[in-house]
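Chains as they are written, first to last, in our numbering: chain A, 266 to 587; chain B, 2 to 346.
Note that these hints are calculated values from the structure, not bench results.
A couple of the hints might just be wrong.
Unchecked claim - To spell it out: a stretch of chain A is covered by chain B in this simulated footprint if at least three of its residues, at any positions, have a beta carbon under 8 Å from a beta carbon of chain B; those stretches are:
id: 1; region: 309-322
id: 2; region: 474-488
id: 3; region: 497-511
Using N, Cα and C, we set each Cβ at its ideal position, and we do this for glycine too.
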Amino acid sequence: MAEKTLVDAVNDALHVEMERDATIMVMGEDVGRAGGVFRATAGLRDRFGADRCVDTPLAEAGILGTAVGLAMAGWRPVCEMQYESFSYPCLDQLITHVGRYRWRTGGAMEFPLTIRMPTGGGVRAPELHEDSPEAYYVHTPGVKVAIPSTPADAKGLLAAAIRDPDPVVVMEPKVLYRSPRGEVPEGEHVVPLGRARIAREGADVTLVAYGAMVHTCLEAAELLDASAEVVDIRTLKPLDEETLLGSVAKTGRAVVVQEAPRVAGFGAELVAVIAEKAILDLQGPIVRVTGYDVPFPYWSLEHEYVPTSERVAAAARKVLDY
Amino acid sequence: MAQVLPAEHDVRRIIGDGDGVADGEVEGLDDAALLDLYRAMVLLRTYDERSVVYHSQGRVGTYAIFWGHEAIQAGSALALADEDWIFPSYRESAIGLLRGMTPETVLSWWRGHPAGWWNPREFRIASITVPIATHVPHAVGYAWGARLKGESACALVYFGDGATSEGAFHEGANFAAVMRAPVVLLCNNNQWAISTPLSAQTRAEFLADKAAGYGMPGVRVDGGDVLAVYQATSEALARARAGHGPTFVEALTYRCAPHVTADDPTAYWDAQRVERERENECLGRYDRYLRRLGVLSDELAEDARDDALERMKSGIAAAEALPPPDPEVVFASAYVDPPPTLREG
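Bound conformation, chain A alone (with noise of 0.2 Å):
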């Protein structure tokens, strides 16, 4: 095992699924000969040449578009979208034909795709560079979606994802993408998509979320005088019920937190499986603590609008003195 920043994390799990499968090719802008303007595809240019690391024009939808049409060919393309907020024109091919066209030829082809990457705010970007998009991508069907909260999952993801056989979406958050550090097994490590994790063991609450939002309920199980469970997500689709349901099960209490706007976002989703199956073990309602319905504010304004580990604490007591 070695310490490894989340981004580093990502670079090593393409490394090593490339070696394995010479089918795996990597594509966007700037992945090649800059390695990414966060360096998660650094070296894969140079160790695997650049028809396996390339760099494509500037066109979303053309990436993705074409990663369809190279899937049929024998390919196994992983695209990266440069930010989450850039990756809106791919919506049209996702929507369109990537969730559906297994569906339409009758499970007679593959479309053995994978999606990455960055997600959300904190890194006082320019406008459009923290947006938290990942409903709409879970919203479409025939695609998976994950979202990691640490390195070593960020390789274990992305290697499931690549070696699926459904087109799968992996949103890195990009404030975690340099720190903090964790320990990542060396060479290949798969962490199974649709299994959740009980990142903090706990007895009269649960706070669940997913990426960096499962930092913030850590700091905020710290905050309580009441012992917080805390549920990584890791999978949105599928999603691992049984552990969030087991975990809610247990403490009887429930809170939400998703970075995204909060109308209709993922954490709706998970608040409504948690209602419509696990009602009787509430012991008061299940609360969200989300982003507004507004765009993301311009980074001088960002953390009024990122939940903190305070807004969680005090959803938190709120449903514990319910």
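For this one, chain A is given, so just place chain B on it according to the hints.
For chain B alone, kept in the frame of chain A given last:
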């Protein structure tokens, strides 16, 4: 890098008019190949005409008519090698008939039955694309991917004049040129995007001129002339196979049928022009050409028509005899490895 010249503006033609314009010929096409093209056009024409009838009888759903586009479809598809892939829009829904697909399959698609799905690998034909131009990048990606694997397969993608306004066309064409993808971009310029005429679609004088902006050759061809389409496509394919990348082919025709069965074009089109275009439709032009050449007889023409009608008759019978789709199909193929909650609704 080879110099890319401005697009050819002269519209290529091979078939004469039996009067002042002399007939030409395409090198390498013998009588049998000429008749294959004829039979392919008759099959497509018959498919189209019968489908409109079936629709009026409530036997197929809303249907995208391609009457008058048979020369573009048959001329280009028969220029392909077996290994080459076709990426159709909904206007080329029946292109699979030219590669051994049964009318039952295509009719089923228009009947909203999943028996209309096919395995793209079996026919080297991608699924019918319903949105406009979004399949252009698929064809480009396929061709690029085949080239990277050292294979010789090319791709042919069909789209209409309206599609050239879409971002997906632009991104696909640009990727094709940058990646030197062996792909033929075949624009079926039938002058209409539903009710929007080409003059309201673009200020470009010729769609083929767009090619130069991507650094690829552009040619214009008479889309009512199956031999001219065949020749232009063959040249584009030879160029692609030689490693020189994509070509934009603008095939000019005029849509003298409704966009789809649900459309009433009398609200927007020029009835006199439609009448003239119908008199000059592509199958009749090729029929007369072959007769001037002494290749086509009444017997052969009748045989082609009878054969196509027979295939349609058995095709619709087979499609109608299918049991209703198994509800399981809704869930069966969306994922290889579906989420456990897939059936919760």
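Consistency of the hints with the structure:
Residue count for the region 309-322 of chain A with a Cβ under 8 Å from a Cβ of chain B: 3. That meets the three needed, and the coverage hint holds. With a threshold of 8 Å between beta carbons, the proposed coverage of the region 474-488 of chain A by chain B is violated, since 0 of its residues qualify and at least three are required. Residue count for the region 497-511 of chain A with a Cβ under 8 Å from a Cβ of chain B: 4. That meets the three needed, and the coverage hint holds.
Hint 2 alone, counting from the list given before, is not met by this structure.
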